[in-house]
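Asks: One-letter residues, chain by chain:
Number of protein chains: 2
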Amino acid sequence: MTASESELIRRFFRGLGAPRADVALGIGDDAALLDVPAGSELVLTTDALAEGAHFLPGAAPRSLGHRALAVNLSDIAAMGAAPTWMLLSLILPEANESWLAEFVIGLDALARSHDVALVGGNLCRGPLSITITLAGCVPRGRALRRAGAHPGDALYVSGTLGDAAGGRELTHAGEALPQPAQPRQPSQPSAQQQLLRRRFEYPEPRIALGAALRGRASACIDVSDGLCVDATRLLEASGCGGQIDLARLPLSDALRQQYGTRALQLALGGGEDYELLFTADASQSAAIDQLAERLGLRISRIGGVRAGEGLALNSSNADPVTAAAPAAFDHFGR
Amino acid sequence: MTASESELIRRFFRGLGAPRADVALGIGDDAALLDVPAGSELVLTTDALAEGAHFLPGAAPRSLGHRALAVNLSDIAAMGAAPTWMLLSLILPEANESWLAEFVIGLDALARSHDVALVGGNLCRGPLSITITLAGCVPRGRALRRAGAHPGDALYVSGTLGDAAGGRELTHAGEALPQPAQPRQPSQPSAQQQLLRRRFEYPEPRIALGAALRGRASACIDVSDGLCVDATRLLEASGCGGQIDLARLPLSDALRQQYGTRALQLALGGGEDYELLFTADASQSAAIDQLAERLGLRISRIGGVRAGEGLALNSSNADPVTAAAPAAFDHFGR
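Here the protein sequences line up with chains F and Y, keeping their order. With the working numbering, the residue at position 311 of the first sequence is 311, and numbering never jumps. With the working numbering, the residue at position 102 of the second sequence is 102, and numbering never jumps.
Derived from the structure by calculation, the hints contain no laboratory data. None of these values were measured; they are calculated from a predicted model. Treat the hints with caution; some may be incorrect.
[Said to hold, decoys possible] Computed spacing ranges between beta-carbons, pair by pair:
no.	chain 1	residue 1	chain 2	residue 2	range
1	Y	G152	F	L56	53 to 63 Å
2	F	A147	Y	Q188	24 to 34 Å
3	Y	G174	F	G52	28 to 38 Å
4	F	L56	Y	E309	42 to 52 Å
5	Y	P19	F	D22	20 to 30 Å
6	Y	D22	F	R14	26 to 36 Å
7	Y	G174	F	P189	45 to 55 Å
8	Y	A208	F	A312	50 to 60 Å
[Claimed, not checked] Now the stretches of chain Y that chain F is said to cover, found in silico as 3 or more residues with beta-carbon under 8 Å:
no.	region
9	26–33
10	84–92
11	103–117
12	289–302
[What the hints assert, rightly or not] Chain Y is nowhere near these chain F residues, computed Cβ spacing over 10 Å in every case:
no.	residue
13	A31
14	S89
15	A147
16	H150
17	G152
18	Y202
19	R214
20	T261
21	D281
22	A287
23	L295
24	S300
25	R306
26	A307
27	S315
All C-beta atoms, glycine included, are put in the ideal place defined by N, C-alpha and C.
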């Protein structure tokens, strides 16, 4: 795609995202030049979406533009940092301009809403994949880390869990339908199905929450691969064990209604929630409740940290939905 | 590849590259934390290698590890910056450990030789592609840019041109041979063929030259897509025209011997040279000669900058090899 790479980058990617005064030189040279504020650490992360692994052929390009940035924003949120600049490496089977236009709408909207500028891009031809590297800044020494939880800390999670995994099933089922020769009457998704699909296709990274947790949370991770997997990562990094009370898991009404007894399984292992899972000392309890109210975001205390190792799932107070939990954990626990 | 991604990253990527004191937090959390020195600007670039676009199936993984970083180092060199940290997004068809081990050898060796630490990684399953984002630092306001050339400046290029393009043909011809049922006697490449292949498979980014050109060059770009294309980019960014004297193009003996009259065509349009193309005021002439001597690197004055626009190829002093030049330029000029 070398012949037209420069032209496509000029048309679709120059000016993408938010304008930022700290971009001394953006797209159009060999590299970008950027100002990191004094007193800040630079935060860098990269994540990719590849066809087959993260989405099916024919996935909506607007959603892909959103998701490719959202998964990176979620990592920046988990560090308690403010996102700043991104670089995009896009591998495309062909220079499909209508696809690119939709992709850019999804990417640009999310970038602008989080004040992120696109400062570097690379296009080439091949099987579809989207890699974004995202930079951010955080006051020196104040970033949240996975390591830092202590026995006695409470374990919290934002939002609701499992919706994205449920929405992924619905989205993939819709995309897998064969294209009919005659236009067919599309089946009307219910409001709850639309909500779940939206949670998968347009996840909302918890940037404001992450920043507000600096100085409050003792450890933090984003829930990308599923609650059990990511909770285990946080606990292992902190050298602790912990437990989750299944009855406390935040499940949306939409998920319960759509998936019934599978809702808990999706919440424990479905992944792609992009909520923040964090720990905090008991003294922070009231402050975290106030934070939830201020942000208009549900924050649930779902368990706690203890000495030792391993993650225990506690179903003693479980409602009937939790009966499937141990099997679900075995199935998804990796 | 989620199930084993963490394990593969731990085994193959943790500790890859040079240890650096400015990495406050490397691989193993949601993002890396890094210290940009006061008085420095951050430099960021990203580039990808994709199977089919940049290499053929079966390409040597050690060379791919080297090239994936080299193409990014070359961009950092063209800014006159010092490379510091990289992030790797690797999409692999399968968790092939012998492939990964070889890939890491190539990547690690080049990273260490330029003091680059790997601080983030992402692995997933799909058709092979390698995206690296590379960061660097440069004293504030002193980076080299494409814009900055003035009429009257001389135009220089480092090293020799066309070798990589010649080597690419030889490498691809070798890789395209069908696998024989019986082990065949491999044909012995000549020393000059080995040299050309090495220039393609293991390009040497001109980091030391780029840094030494700060304050001397008026504009700089790396030659990745071919001399004509990249010279045009530099001149357009500077709002100038220019000319190249074909007789002055630095062609290696190996390229002339292997490709005869095609050597000039490869030098003008072949690409993947990863040499630096730069402009400088006439007052810098002696300093640049001294620089070439100090670095042990050929630096050739191949033309000049003038008012107006467009790149002219001047063959008035051409030796017989240059007879094919205008056609070559038409063929590759994009």
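Asks: If you check each hint against the structure, which ones fail?
Replies: 2, 11, 12, 13, 14, 15
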